[in-house]
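In the order they appear, the protein sequences are chains A and B.
Under the working numbering, the first sequence has 602 at position 602, and the numbering climbs by one with no breaks.
Under the working numbering, the second sequence has 119 at position 119, and the numbering climbs by one with no breaks.
Because the hints were derived from the structure by calculation, they are not lab data.
Mixed in with the good hints there might be a few duds.
[As the list claims (entries may be wrong)] Below, in silico cross-link-like pairs of lysine-lysine (DSSO-like), each with a Cα-Cα straight-line distance of 30 Å or less: (1) Lys531(A) - Lys12(B); (2) Lys497(A) - Lys214(B); (3) Lys658(A) - Lys122(B); (4) Lys119(B) - Lys606(A); (5) Lys255(A) - Lys12(B); (6) Lys255(A) - Lys169(B); (7) Lys236(A) - Lys91(B); (8) Lys296(A) - Lys5(B); (9) Lys102(B) - Lys497(A); (10) Lys236(A) - Lys12(B); (11) Lys214(B) - Lys515(A); (12) Lys91(B) - Lys497(A); (13) Lys515(A) - Lys102(B); (14) Lys110(B) - Lys515(A); (15) Lys162(B) - Lys316(A); (16) Lys6(B) - Lys296(A); (17) Lys110(B) - Lys606(A); (18) Lys110(B) - Lys497(A); (19) Lys354(A) - Lys78(A); (20) Lys122(B) - Lys236(A); (21) Lys214(B) - Lys255(A); (22) Lys110(B) - Lys236(A); (23) Lys255(A) - Lys5(B); (24) Lys6(B) - Lys289(A); (25) Lys214(B) - Lys316(A); (26) Lys122(B) - Lys497(A); (27) Lys255(A) - Lys11(B).
[Unchecked claim] Derived list of chain B stretches under chain A, where covered just means 3 residues or more per stretch with a C-beta under 8 Å from a C-beta of chain A: (28) 4-17; (29) 138-150.
No experiment lies behind these values; they were computed from the predicted model shown.
Beta carbons: idealized from backbone N, C-alpha and C, even for Gly.
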Amino acid sequence: MNLITPAQAYIDPGTTGLILGGGLLAPIIGAFTTFLVALGFKRVNKYVKLILSVIVLLLIVGGGGVYLHKKNAEELNKKVLILGVDALDPQITRALMDEGKLPNFKKLSDQGSFQKLLTSHPPETPVAWTNIATGVNPGEHGLFDFVVREPGSYIPKLSVSNQSRNITGVEYLSPVGAKQWWKNTSEASIATRVYRWPISFPADEISGEMLSGLGVPDIRGFLSGYSYYAEGPLRKRPNKPEHLIEVVIENDLIKSQIYGPMTSGAGDKINTITTPFTIEVGDNEVLLKVGDDTHKLTTNEWSKWIRVKFELGFLKNITGIFKAYVTSTSPFQMYVTSIQIDPQSPIVNLSHPKDFSRELAEEIGDYYTLGMPEETAGLIDDRLNEEAFLSQIREIESERDKMFWHGFEKFQREGGIYAFIYDSLDRLQHMFWETDQINPEIEAYYIAKDKLLGKILDRVDEQTEIMIISDHGFASFDRAVNINTWLYEQGFLHLTKEPSDSNPGGLYEYVDWSKTKAYSMGFTSIYLNLKNREPEGIVEDKQQVIKEIKEKLLQLTDNNEPVVHNVYRAEDIYSGDQLRDAPDLVVGFKPGYRMDWEAPVGGTTKEVVYDNTRHWRGDHLVDPSFVPGVFVSSFRTKKEIIEQTDVAPTIMSLLGQKNQEEYEGESVIK
Amino acid sequence: MSLNKKVTQAKKVILETRDKYGDNVAVAWTGGKDSTLILFLIREVFGHIPWRVFFNDSTMEFDEIYQHVEKMKNEWKLDLVVERHALADLKKIKESDDGFEKQRIARMAKINSLNRAVKENKWEALITGIRIDEHESRADETSFSERNNHIRVHPILEFTEKDVWDYTKENEVPYVKLYNQGYRSLGEKPFTHQAKKDGNERSGREVDKEMHMKQLRSLGYY
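Let the sequences and hints guide you as you build the complete structure.
As structure tokens, this is what we get:
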């Protein structure tokens, strides 16, 4: 049996090709075996490595450490703290500041600056945070959309996950094709701490500590995936990734199993490794037994962390952690979070040093390791209620606060730079956005961050400069738009059957490529079916087709109002080596509109524009001009409009580093 | 769960299907061991099959399957609805020289036939013999799973391959003798081979695209 690491389970188009192709999976199985052997070998050698590390560490502390400390204190002069808050919206922040509800933001703004930070094309977390991290545009770093096509195919893939398969096995690689600022500070031997920066997985070897954020998979290799255990019969809904397990209570006892990592067995079969558990269902008490542990669960409360061991055979085990939420004992209903990679014994590089994730867990307790652990899907699918979702967000924030202060104490001692990204606000706003007012839960989040800032300001010394940044703002999402359906209606895309809501035909199942000029993928991207680029490309006059699509798309209306604010040609907004993989056109929607649920993965629907009825109520995937982020700093700035690519050079300037040619932006320090 | 308990559950689901959907139900029957077991269980519950039985004829099934279908049709007095693959699809399969492409077209043809039959006959529910342990993508199914235009009913979802054989042998449920020759799962003849030793049940059959969609949708944005 061969372990499919999350890397493998992350099915990229290459893998899909293998799986769909059938039989072709066999050659990589050998590679997995090698990978496992390597894994085991590493473990055997751990103690040897540990001893060597201690010796090296002693040498550094004895000699080099003194030098480093001096360098930080004397030459660089500044300490830099970056507090990232994903999706912190400038309008809300300003409004709450004006109402006196964010006194610490006000204090910092008065001392330094409060500005909008222009966001990326498109305004998406992976693209925006990578612009900020690298100081270059997507044409250089290569991240264009959450979902992109594998060049040379029509198969959509998630851009945030990048795996490589070679003779030694399978490993994750960073999808970022440019250098992040933390590599530059590390080269300059500046103490560097980066916690939960989106798209920092796998963790880079920096001169300090890194804990990866968005991009870290669950134990199955997915970006999320809950399980719902309930007395049946249950109804599974179409086009939903939900995992429903029907249970039967016999003599007050439920016997079921936890679904863990996937393995490739003989043939093409993908097996899921499971671990049995039992649940004793009393009137008021539920006891969950897994392995040697018994956990008491209370209804309508998240459980404590539950550790589960998956046996892979050959004395090899993988552990994961999860939380459960029992909503009812009669009939029995229990929600189980995505199984997180165990921070105390991670199977992938969650952190640098590798042991840092464990050290952190020993200090603050176990914690959510998944990139996006908020159970948004559970709320949308109505398997979790609002209170359960909100209480999970509060638990996540509480863990993050503990993480933040852990890093902060070290930053206070060692100086250098410390970047910490909070990102639950993004998910909270997606779920609870209201068009005409600020939802109280959202307001409470902003106020909590202001209090955090207050505590930080009480602690930092005069040498510390602070930047609070967000990747984008937020807008409402009232109407969903399927650009593939629009392309079909306009004659740019041909289908072998009429579009229908009941059978959207994901993965371009019904597309007739021999007649198709353009197709949409991801949340803002349109690609031409270009001759000699696409597998069955037909378009020769690229600019003419681009012109036609752009003109017509700008005329798309809904209730007599335009749906699209602007349409951008790749070469007008991107430049660099990776431009060849960019979408040919990027759509900038008007606020209130967003790409629908099917077009991102190649599906079509009956209507081009229709109501968004899901609990996913707000979004930021509109024209960048409507959703800038926030830039608040302890220092004054010289630019009126700050761009994301200015952040990295500003960091380097604050730290006294001169080499800034590689950045497209410039330092904004006055 | 014991096999007895599983059988009881299966019968419960069959009864519930009758309560919920009355006569607007069909049983999808491939002639294979699983769906034949379903027919057997329905007869156990009602004494006869109160619904129409749908046979999706790819025209590429094994001869033994066709013989079995004919034999059982007479013995159990089945009200059989046969839907054949569209000629255009069959032509495409014949013309393609790519094995994978052939299978893809065959799969689509099968789905098209099924959808056609569901639509024409206005079936609300379709009972099938899928089991969780057959394939990873089925781990997410439940006894009643909503499809685009009908409900799929899965009475033997929890049965393992061994359960099916234990019950079949013990109760003398009729089955195609090909299973005695090393075939463990019967698909269309051109795409099915004897299972490899120690291989899995469906090792001769294609694996579908559901895993990829599952992976994409795990982003949570759609």
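Checked hints:
1. Lys531(A) - Lys12(B): violated (57 Å)
2. Lys497(A) - Lys214(B): Cα-Cα ~24 Å, so holds.
3. Lys658(A) - Lys122(B): violated (73 Å)
4. Lys119(B) - Lys606(A): Satisfied, since the Cα-Cα distance of roughly 18 Å is no more than 30 Å.
5. Lys255(A) - Lys12(B): holds (20 Å)
6. Lys255(A) - Lys169(B): The hint holds at about 27 Å.
7. Lys236(A) - Lys91(B): violated (35 Å)
8. Lys296(A) - Lys5(B): holds (28 Å)
9. Lys102(B) - Lys497(A): holds (20 Å)
10. Lys236(A) - Lys12(B): holds (18 Å)
11. Lys214(B) - Lys515(A): Between Lys214(B) and Lys515(A) the Cα gap is close to 29 Å, so the pair holds against 30 Å.
12. Lys91(B) - Lys497(A): Since the Cα atoms of Lys91(B) and Lys497(A) sit roughly 18 Å apart, the hinted pair holds (cutoff 30 Å).
13. Lys515(A) - Lys102(B): Judged against 30 Å, a Cα distance of about 22 Å means the pair holds.
14. Lys110(B) - Lys515(A): Since the Cα atoms of Lys110(B) and Lys515(A) sit roughly 25 Å apart, the hinted pair holds (cutoff 30 Å).
15. Lys162(B) - Lys316(A): Given that 30 Å is the threshold and the Cα spacing comes to 27 Å, the pair holds.
16. Lys6(B) - Lys296(A): holds (29 Å)
17. Lys110(B) - Lys606(A): Roughly 24 Å separates the two Cα atoms, so the pair holds.
18. Lys110(B) - Lys497(A): holds (16 Å)
19. Lys354(A) - Lys78(A): holds (28 Å)
20. Lys122(B) - Lys236(A): holds (21 Å)
21. Lys214(B) - Lys255(A): holds (26 Å)
22. Lys110(B) - Lys236(A): holds (22 Å)
23. Lys255(A) - Lys5(B): holds (13 Å)
24. Lys6(B) - Lys289(A): holds (23 Å)
25. Lys214(B) - Lys316(A): Holds, at roughly 27 Å.
26. Lys122(B) - Lys497(A): holds (21 Å)
27. Lys255(A) - Lys11(B): holds (21 Å)
28. 4-17: holds (count 4)
29. 138-150: holds (count 11)
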